[in-house]
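There are 2 protein chains.
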Amino acid sequence: MSKVVKSIKEVVALAGLKDGMTVSFHHHLRNGDFVLNMVMEEIASQGLKDINVNASSLFDVHTPLLEHIENGVVTGISADYIAAGLGRAISKGIMEKPVQFRTHGGRPSDIVQGRTPIDVAFIAAPTADTMGNCSGKYGPSACGSLGYAFADAMFAKKVVVITDNLVPYPMQDFSISEDWVDYVVPVEAIGNPKGIVSGTTQITRDPVGLVMASHAAQVIAHSGLLKDGFSFQTGAGGASLAAAKFLKDIMMEKGIQGSFGMGGITGYLVDMLQAGCFRSLLDVQCFDLKAVESIRTDPRHKEISAMQYASPTSRSAAVDSLDVVILGATEIDTDFNVNVHTDSNGFIMGGSGGHSDTAAGAKLSMIIAPMFRARLPIVTDRVTCVSTPGSDIDVLVTQGGIAVNPKNVELTQQLKAAGLPIVDIHELKEKTERITGTPRKLPKGDRVVAEVIGRNGNLQDVIYNVP
Amino acid sequence: MSKVVKSIKEVVALAGLKDGMTVSFHHHLRNGDFVLNMVMEEIASQGLKDINVNASSLFDVHTPLLEHIENGVVTGISADYIAAGLGRAISKGIMEKPVQFRTHGGRPSDIVQGRTPIDVAFIAAPTADTMGNCSGKYGPSACGSLGYAFADAMFAKKVVVITDNLVPYPMQDFSISEDWVDYVVPVEAIGNPKGIVSGTTQITRDPVGLVMASHAAQVIAHSGLLKDGFSFQTGAGGASLAAAKFLKDIMMEKGIQGSFGMGGITGYLVDMLQAGCFRSLLDVQCFDLKAVESIRTDPRHKEISAMQYASPTSRSAAVDSLDVVILGATEIDTDFNVNVHTDSNGFIMGGSGGHSDTAAGAKLSMIIAPMFRARLPIVTDRVTCVSTPGSDIDVLVTQGGIAVNPKNVELTQQLKAAGLPIVDIHELKEKTERITGTPRKLPKGDRVVAEVIGRNGNLQDVIYNVP
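Protein chains in written order, with my numbering: chain A, 13 to 479; chain B, 13 to 479.
No lab work stands behind these hints, which were simulated from the structure alone.
Some clues are possibly wrong.
[As the list claims (entries may be wrong)] So the derived list for chain A, only partly shown, Cβ under 10 Å to chain B, looks like this:
no.	residue
1	13
2	180
3	189
4	194
5	198
6	243
7	272
8	294
These numbers come from a predicted model, not from an experiment.
Built from N, CA and C at the ideal position, the CB exists for glycine as well.
Taking the hints into account, I'd like the entire structure generated from these sequences.
Have a look at this one:
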């Protein structure tokens, strides 16, 4: 007995894919992913139309989707993040139906609750056995955690595992188990390892970034949260990593042992684990080779599903236990609403990912961003798109000062008492505009090209076309 | 944020338990379990009535249930196995509604499919954190795998984790994750370690057992299945373990590397793993301390859920990939139907557990049993209860010869050619009765006290009261 099917061509037929159905993909292979394109090409060549693509994220490597959209093969897209390559075309109005943006927690929540049923889930698996047990930790295309794929595997009507490392049954140390899997398709390569994980993620050397990182670490140090049991998430941006580095130094110096580091895991969080700053890492996605090596070998470094990471309808999610998260922004307004969906010209180039989920869960949600980028101020009167509501954001750290959400009265006093450069967000805006000038208003289209669905399922905002 | 509730008393109220509801329990603490009794006592003392208990197995330690049955607190029981203490009373007719027996695969199947909804699942967890992440591998009451608890945790309306080793969030290397858990209750002790796992399980020294074990190993050796990739399950009975020992010797001598050993795992299967006889162990339950130590430390030794172990409605279960299983019997009839539910007087004292599931899945299903026990022949015209249908049984091994199910023409020839003492099952019956005499017919009651539900949900047989 074996579930192995010879080709993607065959499995598309076997899985019963028909016009109008929904297929799903996870994004752990990031910009190195071959699987989505291989599957969609086969779907197109079999003449299927009106397919809905539900992907946890879409990267520039997925721009071949544009052709499928133009040809009517793909008419619906849901994703938590869409990179600029596709995003620009969507903002230009290539799709008739608005794209649906969700969060990394809202997506699995909607799948589990049956609000976004998946007909066929395609799981890109760096190693799998003949019955579908699979893992991201092993194989030439190893990506580490498969966290975002669990909801798809557990709730899709049909589940197809695609692998370039088929091993005899049973594979050891699998993550997703055979009881959910219908078919296994071996292929030459599921991705390009260079695009899947970075060799190493780099700390910023930019002096502005270092100032922000230092401020960020000081805010945490004086927040009252940095004590034994402390938990922390940060992204893979240069300044965020530098903040983690500074934080590590403080923790080591003070002998503080945190409980867990979380998120997309980088080598910097692995360093903190190994240095004793955390008892464990909770990993929904690996960002670099060191993280992949760690999740494979260190039992303290644990793979978690997206449901456990961030779903608002799980009985609890790890974000609910998070003390501090450091996040980015393309814009933040004077009400602390954050935009991470569109760029300064209004084109889609991102998405919430776990932004809203961690901001909602963490006790201290901090945005690190420079005062301006390419002479455009980061602080505006009103963000183009509300990716994360200002009520969930506590602090904005820039090189020109630290703005605290006025709801945090006590925190403001603590940080002022610590001598940190606290500034009102309106003053920060004015201060920035004295340097950059007042930016011109963006021309706004009249057609909704994307809906931003909040983590609880509410329609949080819409994104208009760029004329 | 924490899910910790002070007492079982409080959690019974919080979980919303009402008359007529269903509570569930898993049996990894076996005859050392305190949890079922503690919970049921609290349910009784709160005056609840008409409760249905769905337990993966019930042991003699659970005889306090009898009082709850007498008092109308418990009016329904479903289990995969019921030991003699309770079984005798059930056979005597203590319950109005027949008990429902399922298999270890059928039980999670019915839970997942919504046929046996659970209102509140109680998970006995040797270690848990404040948000409900939990594991059986660690703690003073460590039991190893929590395999049978997964379906309950994932599909019950409310999930309560009860632990005697509460650790800070997040516990490392958890098995059942917080996203399924509603409440955590710390208690003094969840069980008596002496009853949970045996120090060591013992190979038989009985000469009859050794003859049977040797026959069994020879049958496997000549079945055509013993080659690289071989997979194997055996129980914890003395003769079965001895068969495993003989099999190990053959595998070592011939340099055969099997794929996996499975089942309730004993130290003997761990020895085989460590000796290179298998690449991995799939573990739904640990039987002894060596197995617990192994699953905690050896990544080749993998915990699996009951769905993955044996559910007939999973997309596949590990039993489907099994080559050989060695099983026991209290009776077997000339059609190879096996009884493991009742003793020689017709009293309930067991149940299928994984018997039917592995027999259905394995390429070679072998029963090891002595020709007679206490002068009662093992082979009968018709078993008192069909626990596993004869169509799923291939071979019966006794000290007086090996009976092969006539459907296995090729196997019969292979074993004969190997010089093994093959005997027709009717002849074996006669041969035995020449020693024991013909047993008198059991008096049979006229009331159904238990329904034996086959792994696919069919009513396979019923058990009558013992008058």
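Which hint numbers does the structure go against, in order from smallest to largest?
5
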